[in-house]
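Listed in order, the protein sequences are those of chains D and C.
If you're matching positions, the first sequence starts at 1 in the numbering used here and goes up one per residue.
If you're matching positions, the second sequence starts at 169 in the numbering used here and goes up one per residue.
Read the hints as simulated data drawn from the structure, not as lab findings.
Since the structure is predicted, the reported quantities are computational estimates derived from the model, not experimental observations.
Among the clues, some could well be false.
Claimed, not checked - Here are the simulated DSBU-like pairs of lysine-lysine, each with C-alpha atoms no more than 30 Å apart in a straight line:
| no. | chain 1 | residue 1 | chain 2 | residue 2 |
| --- | --- | --- | --- | --- |
| 1 | C | Lys-262 | D | Lys-54 |
| 2 | C | Lys-536 | C | Lys-242 |
| 3 | C | Lys-480 | D | Lys-54 |
| 4 | C | Lys-177 | C | Lys-220 |
| 5 | C | Lys-185 | C | Lys-171 |
| 6 | C | Lys-242 | C | Lys-171 |
| 7 | C | Lys-480 | C | Lys-341 |
| 8 | D | Lys-54 | C | Lys-628 |
| 9 | C | Lys-536 | D | Lys-54 |
| 10 | C | Lys-242 | C | Lys-220 |
| 11 | D | Lys-54 | C | Lys-242 |
| 12 | C | Lys-234 | C | Lys-171 |
| 13 | C | Lys-262 | D | Lys-28 |
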Amino acid sequence: MQRRTLIKLGVVSAALVAVVGGTAAFIKPGLERGSLTPAGREIFRAIGSAILNKSLPDQPAARQAAVTELISRIDTLISALPEHARAELSQLLSILATGAGRRALAGLSATWPDASVPELQAALQGMRLSSFAVRQQAYAALHEITASAYFSEPGTWGLLGYPGPLVI
Amino acid sequence: MSKLQDPIKDGLARGWKVMGGPFAPPPEQITCDVAIIGSGAGAGISAELLTKAGLKVVIIEEGPLKSSSDFNQKESEAYPQLYQESAARKTEDKAINILQGRCVGGSTTVNWTSSFRTPAPTLKFWQDKFGLKDYNVDALSPYFEQAERRLSIGPWLTPPNENNDLLRRGAAKLGIPAQAIARNVKGCWNLGSCGMGCPTNAKQSMLVTTIPAALDQGAQLLVETRAERFELANGRITALLCSFGVSNTAVAQQIHVRSATKIVASHYVLAAGAINSPAVLLRSGAPDPYGRLGERTFLHPVVMSSAVFEQKVEAWQGAPQTIYTDHFLETQAIDGPIGYKLEAPPLHPVIFASTVPGMGQSQHDLLKAFPHNHTLLALMRDGFHEQSPGGRVKLRSDGSPVLDYPLNDYLMDGARRAMLSMMEIQFAAGATKVLPLHEMAQTYTTWGQAREAVNALPMKPLLTKVVSAHVMGGCGMAGLENQGVTRPDGMHWQIENLSIHDGSLFPTSIGANPQLSVYGVVNLLAQGLVKRLTRTEVKLA
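Assemble the whole structure, with the sequences as input and the hints as a guide.
What follows is the structure, given as structure tokens:
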């Protein structure tokens, strides 16, 4: 059943399913009950730190806290997505959480928590300019979710020089 | 939260019949004269006219009833609450992001107020190619006039904000004419947060005009209730099946048990908007003998160019989109290389951050320059060339619709020309840096450098940022049965008690922001429908 769903989902190409197909029955979902699983959180922590690198606080503790807040906002954002989009995202994250999927889709050899920011950025850049639509789509989804979630709360607006709405 | 008078709360206190969502659940069956699916531009105009004629009307809206007390100008609340798919609806290949409303008032609750009558060349094309001989400037003019009166559509006399004035100044330097955009506002505060729902009720959307008028006349409104499908027998609709307890999220769906309600009406008006209107018919297995249903769905595919200026632009404040130029629609034949309309969209943190490309230092520099950012957009006029057949609405296995809209070379040639035009205007207006929104583009500091670079970029989907806020077609009107889904009088060609009254009627894109085209055309069609159903005449204003 899971394998059948995988093949149907738009974001996942047949080639990619072939790569991780052997493990497909065992891989964990990226989302559960509408929230990121630990595996999904690990991926977004890494990707968030890489995409927003210069926009996150420098000081390590503040940086960690900002990434934790980002994850919580991503959960909020995901909870408002329609079911089909959530299913696709869950599938994408579950593939990225496997070693084979991470290498095939993201082109990343280090694990998500171990990868350095330059390694992660290089992997993301590879997806961004890939000639495979599925890798470009995955990059676009991860980039959009990260950037939209991070700047959805007033705490981050200072960086943007945005004063927030007028009180009516 | 706005502390101003809230006309929706007042109406509810007066006893409006609203059910679904936080209100009482709808009964198992409702009988009425006319069931209207949707509550946006086409539905609102239809509801006001039909109730004026004394008909018993039920309005079915998938989204929630939100009003000025809820509109706090925050994107993180507005997008999930008021937009289809949390403002992240995408075409099937994910290459185009689509903004569409999903709330009482539909897209009119969240649009940027730009009001244009259907351009004459568009109408001429419909007459020539789709047998819509009565769709001409003179015949439609009284219907537009009424809509303009009813919705306070008129010139915007406040000077444009810097974001829009940059378009005016840049175009003027190049000898390109640019004009002011009419707006549907009354007592506008010039806040710039139209896209998150008007917190002052100044925008004359369906939410504060026609829907309240219909409710005051006794119409019944079902919110958070989704039209699933029609029951059909012998070329007629016998009932509309709806589900409620439908939230934007599946989590909520697990909590609330979905329930059903059946609406039995003499006549049905489908006005769920393009994509969703064809989807209701597809789910219903509606007759489609010529394979037209869901086809020719148009988007005005939009490409953008972002620029940084020395001075502050603060594109979030002030009335959005008050200046435009149609120069690039008029420089070639309507059925030649694709033309485009240029406008200056408002920017807020989420929409801005999600469109700033890349990561790390380059992204950071652009994010930090937000107050100095000015972005132009080009709306490409699709549907007038054989290589621009638009997209096709399909159903996923769960019944939800998805639009397959291929971005072919014909369209991407327009994307390149549009980027060049926008960049040239931005440099002429004094931009220090310009970045066309393309994954392989860099920031450019001179027009010569930018032109050379953009001429060399591979204009491909997914590399090129493409968005849309104007979905049109899919139930196209035509004078001949084999050319469309809908007759010129708005009736479905094969189903005798169904009218289609929304942007899905348009046989091509409009070539301008479509809200007033929907108001004007539906005003004509709904007056005709009232006459057929009641033998009486009503007017919008």
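Results for each hint:
| no. | hint | in the structure |
| --- | --- | --- |
| 1 | C:Lys-262 - D:Lys-54 | holds, 28 Å |
| 2 | C:Lys-536 - C:Lys-242 | holds, 20 Å |
| 3 | C:Lys-480 - D:Lys-54 | holds, 23 Å |
| 4 | C:Lys-177 - C:Lys-220 | holds, 22 Å |
| 5 | C:Lys-185 - C:Lys-171 | holds, 24 Å |
| 6 | C:Lys-242 - C:Lys-171 | holds, 16 Å |
| 7 | C:Lys-480 - C:Lys-341 | holds, 20 Å |
| 8 | D:Lys-54 - C:Lys-628 | holds, 29 Å |
| 9 | C:Lys-536 - D:Lys-54 | holds, 11 Å |
| 10 | C:Lys-242 - C:Lys-220 | violated, 36 Å |
| 11 | D:Lys-54 - C:Lys-242 | holds, 25 Å |
| 12 | C:Lys-234 - C:Lys-171 | holds, 14 Å |
| 13 | C:Lys-262 - D:Lys-28 | holds, 24 Å |
In this structure, only the earlier hint numbered 10 is contradicted, and the remaining ones agree with it.
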